[in-house]
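Trainee: Heads up: the protein sequence lines correspond to chains A and B, in order.
Taking this note's numbering, the leading residue of the first sequence gets 1, the next gets one more, and so forth.
Taking this note's numbering, the leading residue of the second sequence gets 1, the next gets one more, and so forth.
Hints may contain errors.
DSSO-like cross-link-like pairs, simulated, lysine-lysine; straight-line CA separation at most 30 Å [as the list claims (entries may be wrong)]:
(1) B/LYS147 to A/LYS151
(2) A/LYS86 to B/LYS165
(3) B/LYS165 to A/LYS48
(4) B/LYS17 to A/LYS151
(5) B/LYS370 to B/LYS116
Hints are computed from structural coordinates only; laboratory data are not their basis.
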Amino acid sequence: MDFVRRIIALTIKEFIMILKDPKSRFVIIGPPLFQFFVFGYAATYDLKNVRYAVFDESRTAESRQLLSRFEGSENFELTKTLKTEKEIDFVINREKARLVIHIGPDFSRNLHMGRPATVQVIVDGRNSNVALIALGYIGNIVEHYNRELVKKGVVSINGPGVELVDRAWFNANLQSRWFIVSALGGIISMVVVMILTSLSVAREREFGTFDQLLVAPFNPAEILVGKSLPGMVFGFMDALLFSAGAVYWFGVPFRGTIGALVLALGCFLLTIVGVGLLVSSVSMTMQQALLGSFVFMMPSVILSGFATPIENMPHWLQIGTLLNPLRHVIVALRDIFLEGADASMIWHQLWPLLLMAGFTLPLAGWMFRHRSQ
Amino acid sequence: MTPRTLFFMRMRGILRKEALQILRDPSSIALAIVLPLVLLFIFGYGVTLDAENVPIAVVLDDNGPVARDVSARFDLSPYFNTIHLTSMVEAMASLNQRRVDGIVHLQADFSSGLYKRNQAPVQVIVNGIDANRARLIQGYARGVLQKWTELRQARGEPVAVPAIKISQRVWFNEAAVSRNFLVPGLITLIMTLIGILLTALVVAREWERGTMEAILVTPIRRVDLLLGKVFPYFILGMLGMGLSVVVGTTLFHVPFRGSIVALFILSALFMLASLGFGLLISAAVRVQFVAAQISIVAGFLPALFLSGLIFDLESTPRFIQIVSHVVPARYFVDISHTLFMAGDVWPVLLPNALALFGMAVLFISLAFRKITKRLEG
């Protein structure tokens, strides 16, 4: 009973430390909400209003009809009509448009004579991902137009041909926002927990109050629990808040079970608390704790599959990412949200997390005892 | 002694103090040197948005020569690793268990449709969970079918050629290698970390420990103090930047088509804007714990999400685009992409440079006022 009482006392102290200062109170509660909305809207690979320019040398009914397909698409936004070829260089170089659609003078003549008519597309490759996605959209538009030309009898099928019929499972409209927003809770809660736990010990060290804590009737394990609980609570709160926001605000489907969600987040945050305490046990100042957290967090985010797929990495690095707790929770979150996983189905992600927590937490405890003696 | 020699004496003193402080705590040097190297290696060797060897299942319900010809195109494509399965049930199970990312399905009436109606569908099913990857896979599949058409044409076999063809050119990055735009973005992130995070913390520490007052009662003026704080971290940030550029271009063959002078001037402006922001945070809150939180929330995360570094800014809703205008990283991402891939295109660089200059002046002067006010009040 004594143990519980001491833990409660310590936890209350930690909460007071965070909540007594109005500035500190604000940074814990205000920004996560703001972040969620801003990043939820910003983090998407889907393109809207790609600014394009048109250089139509053909100026025929056919070329105009094709171009009207682009004007009608919400993915594209016409910004400029070019008069000379030289202007292509100008608009792309100066980012006046991100792509130029160039239709040559013999476009409709070729079309009517049954020769292939070519549409030239010049894309700004400074952001190669945007370039590739935009080219994909253009390919779709032209393909549809081709089919229509056949249907209308403007051109006839000149031989056997294949037609690509594509379907996407789990996410028929290929909205990348679902993929990103469902994982956002994992990232933000990691940042909150890492910073809170690593700084809270380092702050006491820097002010010298850590020694007072050590001479108080607490054993190191109790101090560790007291230090990690506030981070856990705030991290959990943010992650759950984000999950609710993902579903109710951004319309991300929630096909799994709430139990699985809580379980996955709990295991993940436990691991992260362990890492945070580990960082703080080796840091003497808040600066070291913060920078140490970043040395951990930056590679974790990059190697988590959050923004760039793990499948694209070389094999050895894919194996390496198995050591990254963020990777496991992101896979679990996406399974729960988008594929309807329950607790038993995310077991493959849970046991590595538990294993890592079982390693980092005792290690942090050992480091504390070691460093404080 | 002239005022000038006095100024130099004061500067020498304060710079020595700051340099000692940096050297004594190796964590700030680690941030400027070790973190960039680690991240560059991760990006250089591993992280990419370009897919290769995507595992896909091929199901041929039709075993005619044309169907086999089409499936051979998929086998030969460097983008795909094909697994041949005999039934759709099996293929769907594989897709569900994520052993494959897509299915190519030719139905039983593929050949007959092709000969009778001149048209036959090739069904491509992808796992849409990662929409960006799914879209890439669809694009690759489209490319494979196009290759098949061209091959038949070359062999003189009858084939339907689409009435309108696209000839595409990607400027500045012909092969559309995502590393070429991720590495310049990374430099932005590293400079943000040094400029905002480190500076905010270091100056807040002086307030928190009371050493700021100690410095202010010495003959050192506030301008000297500000310069003394800005200069060492400026050097540290530029070091991190230089290191990243050298490693990125030599080891990972990211092109650099701009001039070194332009890079130096523009990154100096970005560094000053970031430093100014960091100083402002620390002068306003004066507590390390809060300064750290604010610099992450207002400095680091926006540099990651609201800068165009990974996600396209122009596709976001209007209000996000408006918010992004107060993020210095946004301007520098545009600058570094242009400098690395397009060259010194001043009409693009100049407006961004002006924005950074304005922010640098604004943040630094606000920080200066805040420091002065704090003492009087």
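Trainee: Against which earlier hints does the structure fall short, listed by number upward?
Mentor: 4 and 5
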